[in-house]
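Enquirer: Based on the provided sequences and hints, a complete structural model is requested.
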Amino acid sequence: MEEDTPQDTPPDAQPNTEQELPLESKRRLPWVRILRTFALVCVCILGLLTFSAYTYMKNLGVFSLDMHQLEHVANFKFKDNSKVFDRNGNLIAELYDSYQIYTPINKIPKQVIDTVIAIEDRRFYEHHGVDIKGVLRAVTHRIMGRKTLQGGSTITQQVVRNLLLSPEKTMERKIIEIAWSWELEKRLSKEKILEIYLNALFLGNGSYGVTAAAHRYFSKNLDELTPEQVALIAGLFQSPSRFNPLKNPKLARARQKQVLTAMMDAKMLTPQKRDELAKKKLHYAPSIPTQYLSAPYFVDYIREQSKEILKRRRVDGQGLRIYTTLDPKVQSQAEVAVANSKESLDATEKHSAGTSGTGHLESAMLVTNPSTGEILGMVGGRDYKQSQFNRAASSRRSPGSAFKPIVYATALQSGMKWNDVLYVSPVNVENYKPKNYGGEYLTESTLFRAFYRSLNSPTVDVANQIGIKRIIEKARDFGFESPLKDEMGTALGSSDATLLDMARVYGVFANSGNRVELNAITKIEDNNGGKIYQAPTVESRTKHVLSQPVSYMLVSGMKAVLKHGTGYSSHDLAAIAAGKTGTSNLSTDNWFCGFTPELVSIVWVGTDDHTPMYGNQTGGTLALPIWDHFIRSTYATRKPKDFIVPAELVMRRVDPVHGQLSNSGVEMPFLTSQQPEETRDWQKITTSTESGGYRNVFAK
Amino acid sequence: MFLQNKYLLIFILLLTTCSSDEPASEPTKSTRSKKSTVKVSGKEKAPKNSPTLTTLVEEKASPSQSASPSAPPQESKSSGNSADNCRKVYQSLFSHYQRLSRLVPKGRDWAAGLPKQDFLQSATISTCDESDGYEKILGALSSLLNNHTNKIGVLLPLRNTKPQYILNGLQRNLAANLNLQQDKIISYDSSNMNALEVQLAELIFLHQVATIVGGYDAASATQLKLWSDRLMIPMVLLSEPSRGEQHDRVFYVYPTLDQMGSKIMREAKAYHWTRLGLIYPVNGDQSQLANTIQETAKKEGITVTRVENYTTGNYESMDAMAKKLFVLEQSQREEEYQAAYLKAKKIAESQKIPFQAKNVVLQPKIEFDALIVLDQYRMIRHLAKMFQFYGVRSLKMIGNQEWRGPGIIEPYDPFLEGSFFVDIIGSYLQATKKLGLTRDVTDNFAPVESLQELDFKYIGYKLGDAIAPILKNPQIARRKLHETMLKSKMFEAGNQYKWPMEVFTIRNRSLISTSLSN
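Keeping their order, the protein sequence lines are chains A and B. Quick note on numbering: the numbering used here labels position 569 of the first sequence as 569, and the sequence is numbered without any gaps. Quick note on numbering: the numbering used here labels position 144 of the second sequence as 144, and the sequence is numbered without any gaps.
Keep in mind the hints are simulated off the structure, nothing from the lab. Any given hint could be a false lead.
As the list claims (entries may be wrong) - In silico contact screen, one side only, chain A against chain B (beta carbon under 10 Å); selected entries:
#  : residue
1  : Lys-83
2  : Phe-85
3  : Asn-88
4  : Gly-89
5  : Asp-420
6  : Leu-422
7  : Ser-425
8  : Val-427
9  : Asn-428
10 : Asn-696
11 : Lys-700
Stated by the list, open to error - The calculated lysine-lysine pairs, modelled on DSSO-like cross-linking and capped at a C-alpha distance of 30 Å, are:
#  : chain 1 : residue 1 : chain 2 : residue 2
12 : A       : Lys-433   : B       : Lys-106
13 : B       : Lys-358   : B       : Lys-323
14 : A       : Lys-435   : B       : Lys-352
Glycine included, C-beta positions come from ideal geometry on N, C-alpha and C.
Expert: Here you go:
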């Protein structure tokens with residue numbers, strides 16, 4: 001402090017002071033003065049620098065850090081993959097956007113912790129967030145051109161950098177990083193900081209944290225890792241993308257060796273052991289995402305459903321435990337059925353490409369339990385790897401004639417009978433002019449036959465009689481949720497539908513006129529077992545929307561589709577099942593909606609770009625075989641149940657063309673009060689009078 | 001001309017040789033009379049007031065005179081030679097009876113009131129040379145022409161169902177309304193044309209019938225018409241009159257296409273329709289009616305503006321016909337089509353929707369007030385839909401009996417409201433009641449399997465109505481029975497039965513029996 005006073009002393013006072021100094025001292029006086037002046041200048045410069053630094057840091061906000069931001073780290077919420085289970089409790093998927101598996105610090109093996117500390121921050125337990133020695137060492141090494149295994153940033157700094165700061169490398173960011181690191185160390189324990197570090201940092205290939213990385217690269221839990229594997233993972237912290245062993249195996253290997261050296265330096269390994277481990281081969285787990293173990297389209301659907309149920313924007317990585325209705329056996333059979341169609345679909349696709357389009361032929365299938373509404377299986381496409389678009393849940397396509405059961409159910413409920421006769425001719429309702437497939441005209445047909453042969457013009461006649469509005473109302477009752485156009489074309493399925501719509505509708509017929517809301521999630525829990533959501537009971541999701549007799553009449557009609565109609569190629573399945581084909585204009589969509597009392601299975605085949613299919617492809621030629629395969633494989637090991645025939649109905653054999661009782665006719669159900677007449681000869685025009693006079697009294 | 005001359009000759013001869021006016025059917029009087037050689041044998045008595053021979057001859061002559069006004073009247077007066085006259089009578093009339101009588105199987109009993117079998121069969125033209133030969137011939141003829149047993153002879157091909165039904169309907173009518181015993185209707189199966197004359201001979205000589213019903217087919221009708229003229233016996237034929245022919249004693253009791261066509265036209269006229277379209281199938285039996293309708297239309301002053309035909313039951317053919325009928329072919333209305341095309345394209349562009357040329361359609365041109373469709377009801381329903389398909393909003397249609405089936409109104413198509421058809425039969429309920437049948441019928445409809453039976457029995461029933469006046473007046477000489485029939489006013493020109501054609505209109509989901517032209 002003495003040196004600081006002269007400047008405050010008047011000049012005339014100095015001699016006095018000099019007089020008191022010995023001669024030798026007097027000789028040295030100029031040097032002292034020079035030194036003093038130099039020191040003074042230095043102090044001034046230092047002061048100026050300090051002031052500048054203070055001002056600079058103040059401007060940076062170092063002295064007014066937002067503690068709320070620090071709270072983010074202090075109260076860091078570890079992400080956890082949400083898990084999806086099938087109806088048997090087996091894991092079918094983990095939902096995450098970043099692959100992260102939280103592991104408390106006390107569960108992380110010491111070997112892992114030590115290795116990471118050895119390579120990233122050997123003085124972690126000694127500094128207070130910033131390792132001056134480490135920084136100096138790093139600087140020295142850099143100046144001297146020597147390699148250093150450790151970087152200048154501590155683990156605390158890396159946490160701050162990754163969780164609070166932007167990735168750019170500037171002086172300002174470094175200063176803030178140091179400031180935050182000091183503050184963080186004041187607030188969190190070393191263990192907590194280390195836990196965050198080991199769980200939250202990105203380690204490449206979509207994984208966050210050491211546990212996720214262990215899973216991702218080696219398909220192992222942390223405690224199953226070998227030292228050389230641990231070394232590889234520990235090496236990823238510095239540059240996860242660069243050292244990703246799946247992308248850059250050589251660099252990753254080099255980095256692993258650095259880690260092993262660092263372990264040796266930290267006395268964790270002997271040189272011999274280090275060399276030994278360095279030579280060991282590393283076997284990586286496949287890089288295929290392990291998000292979906294099975295039923296990928298269903299899992300996607302579950303993710304969306306969960307968001308809707310929980311009203312959350314995110315489900316992935318939320319640590320949810322989602323229990324679903326998926327029946328793995330049904331799912332597997334559905335997937336096999338779809339896969340089995342490859343040959344026919346590829347052949348059609350090949351022909352289509354050569355003639356009318358280039359669209360890739362896709363297929364989707366949805367299987368539900370009609371009495372519970374549970375979704376048992378869902379196949380959203382032929383190959384999830386090629387296309388993740390879930391056609392079973394998200395695709396809206398024209399159902400074609402698969403919509404007709406709604407029309408006929410409305411008609412039968414309004415008093416029409418299966419043996420009512422219609423004239424099959426071209427129809428024009430408000431300029432809507434549908435054609436019959438195959439051009440079947442100038443015949444008569446009962447409603448029943450028109451239904452099982454899927455004739456368009458009689459259906460439009462029926463729809464015209466009962467009114468399209470009533471049909472739309474009925475469709476809504478049955479659970480058809482997609483928009484329905486208020487026009488006659490809707491009666492023939494021109495309004496697009498999802499497979500879910502169709503499953504709900506056909507579920508009504510399979511379930512004696514009761515609509516049960518579809519359900520794919522039974523409950524959702526958090527990762528501690530706390531209940532977040534419980535699905536409503538079946539009873540609360542059930543609504544009676546169609547009288548049981550009419551419902552069975554439709555079942556019978558759809559059995560006839562298989563026995564006598566457009567589904568004849570699977571006619572033997574009519575013994576246990578029923579269903580309806582559907583084909584949209586130009587065969588862009590092919591459907592088969594089939595059901596037993598236990599399973600509703602909806603199959604769609606078509607092109608995403610609406611390219612027409614080659615030839616006369618129909619629901620009976622492309623979709624039906626998939627359903628057929630599924631039903632046969634499912635019921636190979638399952639005893640089929642019978643549909644319940646309501647007591648109000650009687651079965652009668654009726655001429656399908658003219659509607660009178662006939663031993664050679666087809667079986668149709670009737671309300672006991674609406675039984676057909678014994679004879680209805682006036683409707684019967686014999687073949688001999690077809691082309692000639694019906695009643696030519698002038699000809700003898 | 002031959003027939004007319006024949007009557008004239010008979011008239012002349014009888015004038016010169018006969019002076020008796022006594023009824024020929026009174027055997028005692030006849031046989032006692034010196035002026036008449038007519039002898040009647042047999043057990044049955046002829047009607048009491050049988051006409052005298054003179055009146056017979058006059059009656060015979062009068063139509064021929066009227067029919068042949070150019071014949072010189074003095075010719076009849078110029079003849080004075082009875083032998084010559086006798087020969088002429090013999091040849092023109094007696095010989096026909098004689099020839100027929102020889103066909104009667106031997107050993108059969110002839111009816112009473114007929115001339116002696118021996119004389120009828122053995123007389124020759126040289127009999128006229130005998131002193132009383134002429135009288136004998138005239139006497140025989142008198143009994144042959146006048147006497148009858150009030151029985152009905154039926155010559156129908158009864159192997160076929162339809163004639164059986166007709167006979168049944170006839171029997172039913174006569175039994176119900178005239179209490180006529182079944183044995184009064186003598187029927188023969190005339191399926192074999194070779195046997196027709198033998199059957200005719202038996203009806204004349206064994207049963208001495210009042211009239212003969214037959215002519216179901218054209219060949220037998222031709223034969224019977226000839227024999228009616230030859231024998232001067234009324235014949236009721238189940239066929240249409242042949243044009244240009246005149247047979248005094250031949251009556252036609254059968255609904256005809258002319259009557260059907262005429263009724264359709266009169267009804268159309270009552271609606272004040274002046275332009276009609278006509279479509280009919282080429283693969284049916286409707287072309288004849290179609291022709292008749294076109295001819296009738298001309299008479300009624302109605303123009304048939306369009307005539308199209310098609311193959312019924314063939315969609316392509318019917319579709320093509322509909323396009324022609326309503327002038328929907330693009331080639332016929334190119335300019336109109338182009339305008340519609342451009343308009344539709346413009347609309348599509350303004351609404352930013354894809355333009356589809358196939359949606360450009362021409363509106364139908366309807367160049368008639370109503371359309372006659374001669375097809376069965378099934379096809380009517382299909383045609384109605386096809387017409388609507390092509391944009392026809394409203395069109396009255398007219399049909400024939402082929403329309404009559406429940407399917408014409410079930411299920412109901414409002415498009416057919418106001419359309420009508422003509423049928424030969426009215427209420428099936430009443431018809432079955434008259435026919436004593438228990439069939440599952442309504443007023444308007446009958447089961448298809450009963451239709452033929454009901455239709456043809458009904459024809460037989462109407463036949464009974466037509467000949468009832470004959471049977472109600474058994475006293476009238478057979479040669480005069482035709483006058484009785486004409487007096488009944490049931491026949492129109494050409495001796496054709498006025499068949500009551502019925503009109504059924506589709507109204508309010510049902511068929512209403514109504515006619516504006518009655």
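Enquirer: Under 10 Å is the threshold here; is the Cβ of Asp-420(A) close enough to any Cβ of chain B for the hint to stand?
Expert: At 7 Å from the nearest chain B Cβ, Asp-420(A) passes the 10 Å test, so the hint holds.
Enquirer: Quick check on the hint: Lys-700(A) CB to chain B CB, less than 10 Å?
Expert: This interface hint holds because 6 Å falls under the 10 Å limit.
Enquirer: Tell me if Lys-83(A) is really an interface residue toward chain B, meaning its C-beta lies closer than 10 Å to one of theirs.
Expert: violated (48 Å)
Enquirer: Check whether the Cα positions of Lys-433(A) and Lys-106(B) lie no farther apart than 30 Å.
Expert: It is violated: about 77 Å lies between the C-alpha atoms, which goes past 30 Å.
Enquirer: Tell me if the interface restraint on Ser-425(A) is satisfied: Cβ within less than 10 Å of some Cβ in chain B.
Expert: Status holds, d = 4 Å.
Enquirer: Take the shortest C-beta to C-beta distance between Phe-85(A) and chain B; is it under 10 Å?
Expert: violated (48 Å)
Enquirer: Taking the least C-beta to C-beta distance, is Gly-89(A) closer than 10 Å to chain B?
Expert: violated (52 Å)
Enquirer: Report holds or violated for the interface hint on Asn-428(A), using the least CB-CB distance to chain B and a cut-off of 10 Å.
Expert: Holds. Min distance 4 Å.
Enquirer: Under 10 Å is the threshold here; is the Cβ of Asn-88(A) close enough to any Cβ of chain B for the hint to stand?
Expert: Hint violated; Asn-88(A) Cβ to chain B Cβ min 50 Å, cut 10 Å.
Enquirer: If you draw a straight line from the CA of Lys-435(A) to the CA of Lys-352(B), is it 30 Å or shorter?
Expert: At roughly 26 Å apart (the allowed maximum being 30 Å), Lys-352(B) and Lys-435(A) satisfy the hint.
Enquirer: Closer than 10 Å between Cβ atoms is the bar; does Val-427(A) clear it against chain B? Give me holds or violated.
Expert: holds (6 Å)
Enquirer: Quickly compare the C-alpha distance for Lys-358(B) and Lys-323(B) to 30 Å and report which way the hint goes.
Expert: holds (15 Å)
Hint check: violations occur at hints 1, 2, 3, 4, 12; the rest are consistent with the structure.
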